[in-house]
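**Student:** Here is how the chains run, residue by residue.
2 protein chains.
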Amino acid sequence: MMIEAIKIQPRMLMGPGPSDVNPRVLAALAQPTVGHLDGQFLVILNQVREMLQAVFQTKNTLTLAVSGTGSAGMETCVDDLIEPGDAMLVCIAGVFGQRMKDVAQRAGARVTAIEVPWGQVFTADQVREAIAKHGPFKVVGIVHAETSTGALQPIEAIGRVVHDAGALILVDTVTSLAGVEVNVDGWGIDACYSGTQKCLSCPPGLSPVTFSAAAEKVIATRKTKVQSWYLDMNMVRQYWGSERLYHHTAPINMIYALHESLRLVLEEGLQKRWARHMQCHLRLKEKLEAMGIRFLADADHRLPMLNTVSIPDGVDDSAVRKRLLEEYGIEIGAGLGAFKGKAWRIGLMGESATERHVDAVTSALKAILR
Amino acid sequence: MMIEAIKIQPRMLMGPGPSDVNPRVLAALAQPTVGHLDGQFLVILNQVREMLQAVFQTKNTLTLAVSGTGSAGMETCVDDLIEPGDAMLVCIAGVFGQRMKDVAQRAGARVTAIEVPWGQVFTADQVREAIAKHGPFKVVGIVHAETSTGALQPIEAIGRVVHDAGALILVDTVTSLAGVEVNVDGWGIDACYSGTQKCLSCPPGLSPVTFSAAAEKVIATRKTKVQSWYLDMNMVRQYWGSERLYHHTAPINMIYALHESLRLVLEEGLQKRWARHMQCHLRLKEKLEAMGIRFLADADHRLPMLNTVSIPDGVDDSAVRKRLLEEYGIEIGAGLGAFKGKAWRIGLMGESATERHVDAVTSALKAILR
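Protein chains in written order, with this note's numbering: chain A, 67 to 436; chain B, 67 to 436.
It is worth saying that the hints were derived from the structure and are not from the lab.
Treat the hints with care, since some could be wrong.
As the list claims (entries may be wrong) - With a straight-line Cα cutoff of 25 Å, these simulated DMTMM-like cross-link-like pairs (lysine to aspartate or glutamate) come out:
1. A/338 - B/70
2. B/291 - A/152
3. A/406 - B/309
4. B/73 - A/104
5. B/406 - A/104
6. B/291 - A/181
7. B/291 - A/309
8. A/291 - B/334
9. A/289 - B/152
10. B/73 - A/116
11. B/125 - A/70
12. A/73 - B/104
13. A/291 - B/104
14. B/406 - A/298
15. A/73 - B/116
16. A/73 - B/333
17. B/291 - A/149
18. A/388 - B/104
19. B/408 - A/104
20. B/388 - A/104
21. A/291 - B/298
22. A/291 - B/181
23. A/408 - B/309
24. A/432 - B/104
25. A/73 - B/334
26. B/406 - A/309
27. A/406 - B/104
28. B/283 - A/168
29. B/338 - A/70
30. B/73 - A/333
31. A/388 - B/309
32. B/289 - B/152
33. A/283 - B/168
34. A/408 - B/104
35. B/291 - A/168
36. B/388 - A/352
What the hints assert, rightly or not - Short, incomplete list of chain A residues facing chain B, as computed with Cβ under 10 Å:
37. 70
38. 96
39. 113
40. 117
None of these values were measured; they are calculated from a predicted model.
Ideal Cβ positions, reconstructed from N, Cα and C, are used throughout, including at glycine.
With the hints as constraints, model all of the structure from the sequences given.
**Tutor:** Shown next as structure tokens:
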């Protein structure tokens with residue numbers, strides 16, 4: 067067998083993630099591997115937690131990076147909070163809400179799901195009514211930024227309703243974190259997971275998570291073991307905490323990369339970073355609408371970092387994406403689930419949220435669609 | 067918050083993993099991130115599968131890298147093969163056998179465990195008797211190279227007994243793969259997982275797994291869903307396979323690194339690599355025994371890549387390891403479980419299996435223990 071060394075042709079990553087990665091992050095990734103109990107590395111772990119707290123806007127002690135991608139973070143939050151037979155309400159507005167329902171059922175939850183049409187958002191009243199009708203629930207789960215539709219759910223208002231009903235709110239911020247406001251403490255979020263490869267602009271492979279004191283207590287006082295050994299926060303926390311008990315070998319180099327990407331986020335500042343994402347979105351919107359391309363998500367609830375647009379009539383979806391990738395080096399995303407073949411998903415995430423990216427993708431699309 | 071960029075003081079990694087990483091692997095790790103459906107990346111995925119097949123010595127189609135560390139690989143094999151109520155026999159000879167029992171119970175298995183004292187191995191007869199007495203079993207699980215004790219289990223003979231009884235054999239090769247022979251097809255192993263940070267000398271974060279046709283069929287014909295969505299091979303296989311269905315975002319850069327580390331393994335050749343590990347082990351053994359330090363595992367079943375030795379009387383365990391790390395830049399491992407405070411674990415894995423490493427750790431130990 068003769069397999070050549072890989073040699074990557076770089077792209078402009080403007081799909082639903084991964085996004086472009088800063089060379090500083092790639093350089094951190096390639097620092098020498100050391101042991102997971104080496105003092106040098108433990109300092110890095112502590113700093114990662116501290117920076118994650120800043121980015122999540124929380125003081126939660128139980129804040130760390132799960133050793134898997136965003137979906138492992140989803141499974142961590144669900145598996146750790148749910149015991150077999152627990153009632154959970156899942157708010158579904160796209161593919162990732164559906165995924166959460168599937169994960170919750172596999173964890174043994176009695177799941178009630180409510181849905182809104184793709185591209186729309188829930189109101190707090192809808193959630194209140196669902197709880198009144200089908201509750202009580204132990205956990206209410208919702209996706210903040212639904213990557214399949216491009217819509218942003220109003221978490222703060224929904225969180226109040228959930229707390230009024232005595233439940234915990236679990237929020238997917240995979241796509242939103244560091245691209246729009248996510249205020250874990252201010253909004254009273256109890257469990258929250260994200261991914262590294264979206265607005266944090268780190269390669270995929272880790273999932274930042276954070277749990278409120280209330281959620282932590284629920285996890286610590288379970289009657290049954292968490293069904294996943296790998297994702298059991300009762301053990302993982304003892305490695306990230308001062309006990310430093312070995313659980314599994316941390317993904318050392320990926321933690322280096324996350325450390326550098328968090329430094330970049332905090333150097334820029336959260337407010338400035340959110341504003342940059344919004345400015346790029348508005349620029350993209352103006353240019354696309356001038357070309358007659360329309361957005362699919364509700365005008366009032368559009369994600370700046372994930373722009374879901376309707377594929378113009380008569381246009382060959384995959385041929386266009388293929389030309390964008392091969393001739394222009396630009397990756398955009400296909401539609402997912404109900405939007406398959408109907409939508410493009412144009413990401414402006416982290417390092418990919420620049421005027422240069424917006425102008426490149428729109429001028430390339432203009433040339434291809436001409 | 068002012069957090070400095072990380073700057074790692076390199077170590078000689080001679081603990082139970084991670085092991086030293088070749089600069090070529092670190093360079094691959096830092097190649098530009100691309101999308102998980104980019105044609106460039108799909109070629110890499112195929113090559114990784116092909117090289118994993120070569121290293122596992124298998125033709126198994128269902129061979130891939132799970133997006134988590136070795137423990138996630140353990141959970142994948144157990145969760146995918148076990149449905150609630152299934153009977154599983156776990157052979158425990160150390161910490162990782164205990165872990166497998168815990169994972170199996172969390173998956174709902176009815177677990178029977180048999181144990182041998184730490185440092186010893188099972189005979190095929192012991193396993194045959196356990197099956198006759200407590201069986202039948204759907205799955206028999208065993209750790210090939212027990213990282214907590216340094217003992218190597220005779221998998222080939224045990225596999226025959228397991229198959230005679232109509233069960234599937236699940237083998238942990240986290241520490242053994244690419245350091246001693248692992249012959250998945252030749253030994254009839256049905257499910258097998260490993261880790262990247264041991265004898266493959268890649269940073270931690272991925273778990274190579276492989277399933278026989280029989281195991282694949284068991285997974286495909288389950289009556290219940292796999293309890294872990296993230297580790298459900300019925301879905302993950304459709305991304306690694308020709309369907310290329312999105313499941314979760316692959317850890318792109320870690321796959322680059324695994325690709326390069328597998329190239330290094332195959333460039334050297336499996337036989338030569340196993341021989342190198344054995345030669346280094348013998349050199350270490352000679353030098354340590356000359357210093358009066360004795361090995362803890364059975365003489366006939368010692369792991370070459372993980373040398374578990376007794377801490378000499380009156381020696382301060384953690385003080386010695388601290389001096390090794392801080393003054394000599396050498397990491398060795400502490401004892402785990404029953405061997406805590408009683409043993410050191412000296413790893414000679416992959417890039418760390420060289421005469422230079424052996425001589426460095428023995429001369430440093432000699433100076434410290436003088």
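**Student:** If a hint holds in the structure, say so; if it doesn't, say that too.
**Tutor:** Hint by hint, here is what the structure shows:
1. Taken as a hint, the residue 338 of chain A and residue 70 of chain B pair is honoured in the structure, with Cα atoms around 21 Å apart against an allowance of 25 Å.
2. Between residue 291 of chain B and residue 152 of chain A, the direct Cα distance comes to roughly 18 Å. Compliance with the 25 Å bound is thereby established for this hinted pair.
3. Taking the CA atoms of residue 406 of chain A and residue 309 of chain B, the gap is about 15 Å. The hint holds against a cut of 25 Å.
4. A threshold of 25 Å between alpha carbons decides the hint, and for residue 73 of chain B with residue 104 of chain A the separation of about 13 Å falls inside it, so the pair holds.
5. Using a Cα cut-off of 25 Å, the hinted pair residue 406 of chain B and residue 104 of chain A holds, with the two alpha carbons roughly 18 Å apart.
6. Distance check on the hinted pair: residue 291 of chain B and residue 181 of chain A sit about 23 Å apart at the alpha-carbon level, within 25 Å; holds.
7. For the hint linking residue 291 of chain B to residue 309 of chain A, the alpha-carbon distance of about 36 Å lies beyond 25 Å, and the restraint is violated.
8. With a C-alpha separation of about 44 Å, the suggested pair residue 291 of chain A and residue 334 of chain B falls outside the 25 Å cut-off, and the hint is violated.
9. For a cut-off of 25 Å, the pair hint linking residue 289 of chain A to residue 152 of chain B stands: about 22 Å separates their Cα positions.
10. The straight-line distance between the Cα atoms of residue 73 of chain B and residue 116 of chain A is roughly 18 Å, inside the 25 Å bound, and the hint therefore holds.
11. Between the alpha carbons of residue 125 of chain B and residue 70 of chain A the distance comes to roughly 21 Å, so the proposed pair stays at or under 25 Å and holds.
12. Of the supplied pair hints, the one linking residue 73 of chain A and residue 104 of chain B holds, its CA atoms being roughly 13 Å apart against a limit of 25 Å.
13. Restraint check for residue 291 of chain A and residue 104 of chain B: the C-alpha separation of about 39 Å exceeds 25 Å, so the hint is violated.
14. A hinted pair counts as satisfied when its Cα atoms are at most 25 Å apart, and residue 406 of chain B with residue 298 of chain A qualifies at roughly 23 Å.
15. Between residue 73 of chain A and residue 116 of chain B the CA atoms are separated by roughly 18 Å; this keeps the pair inside 25 Å, and the hint holds.
16. Annotation: proposed proximity of residue 73 of chain A to residue 333 of chain B holds, straight-line Cα distance about 18 Å (limit 25 Å).
17. At most 25 Å may separate the alpha-carbon atoms for a hinted pair to count; residue 291 of chain B and residue 149 of chain A meet this at roughly 17 Å.
18. Restraint check: the Cα-Cα separation between residue 388 of chain A and residue 104 of chain B comes to about 10 Å, which is no more than 25 Å; the hinted pair holds.
19. With a C-alpha separation of about 20 Å, the suggested pairing of residue 408 of chain B with residue 104 of chain A holds against the 25 Å cut-off.
20. In summary, the hint linking residue 388 of chain B to residue 104 of chain A is supported, as the alpha carbons are separated by about 10 Å, within the 25 Å threshold.
21. Of the supplied pair hints, the one linking residue 291 of chain A and residue 298 of chain B holds, its CA atoms being roughly 20 Å apart against a limit of 25 Å.
22. With a CA separation close to 23 Å, the supplied pair residue 291 of chain A and residue 181 of chain B stays within the 25 Å bound.
23. Distance hint between residue 408 of chain A and residue 309 of chain B is fulfilled; the C-alpha atoms sit about 20 Å from each other, no more than 25 Å.
24. Distance check on the hinted pair: residue 432 of chain A and residue 104 of chain B sit about 22 Å apart at the alpha-carbon level, within 25 Å; holds.
25. Note on residue 73 of chain A and residue 334 of chain B: the hinted pairing holds, with a Cα-Cα distance of about 21 Å set against a maximum of 25 Å.
26. Distance check on the hinted pair: residue 406 of chain B and residue 309 of chain A sit about 15 Å apart at the alpha-carbon level, within 25 Å; holds.
27. Distance hint between residue 406 of chain A and residue 104 of chain B is fulfilled; the C-alpha atoms sit about 18 Å from each other, no more than 25 Å.
28. Between residue 283 of chain B and residue 168 of chain A the CA atoms are separated by roughly 23 Å; this keeps the pair inside 25 Å, and the hint holds.
29. A distance of roughly 21 Å separates the Cα atoms of residue 338 of chain B and residue 70 of chain A; the hinted pair therefore holds under the 25 Å criterion.
30. A C-alpha spacing of about 18 Å is found between residue 73 of chain B and residue 333 of chain A, which places the hinted pair at or below 25 Å, so the restraint holds.
31. Restraint check for residue 388 of chain A and residue 309 of chain B: the C-alpha separation of about 18 Å stays at or below 25 Å, so the hint holds.
32. With a C-alpha separation of about 12 Å, the suggested pair residue 289 of chain B and residue 152 of chain B falls inside the 25 Å cut-off, and the hint holds.
33. About 23 Å separates the Cα atoms of residue 283 of chain A and residue 168 of chain B, which keeps this hinted pair within 25 Å; it holds.
34. Only pairs whose Cα atoms come within 25 Å are accepted, and residue 408 of chain A paired with residue 104 of chain B is accepted, the gap being roughly 20 Å.
35. As the CA atoms of residue 291 of chain B and residue 168 of chain A are separated by approximately 10 Å, the hinted pair is consistent with the 25 Å bound.
36. A hinted pair counts as satisfied when its Cα atoms are at most 25 Å apart, and residue 388 of chain B with residue 352 of chain A does not qualify at roughly 60 Å.
37. The interface hint given for residue 70 of chain A is met, as the beta carbon of that residue sits about 9 Å from the closest beta carbon of chain B, less than 10 Å.
38. Interface restraint check for residue 96 of chain A: the shortest CB-CB distance to chain B comes to about 4 Å, inside 10 Å, so the restraint holds.
39. The restraint placing residue 113 of chain A at the interface with chain B holds, with a minimum CB-CB distance near 5 Å, inside the 10 Å limit.
40. Residue-level restraint check for residue 117 of chain A holds (minimum Cβ-Cβ distance to chain B is 6 Å; threshold 10 Å).
When each numbered hint is compared with the structure, violations occur for hints 7, 8, 13 and 36.
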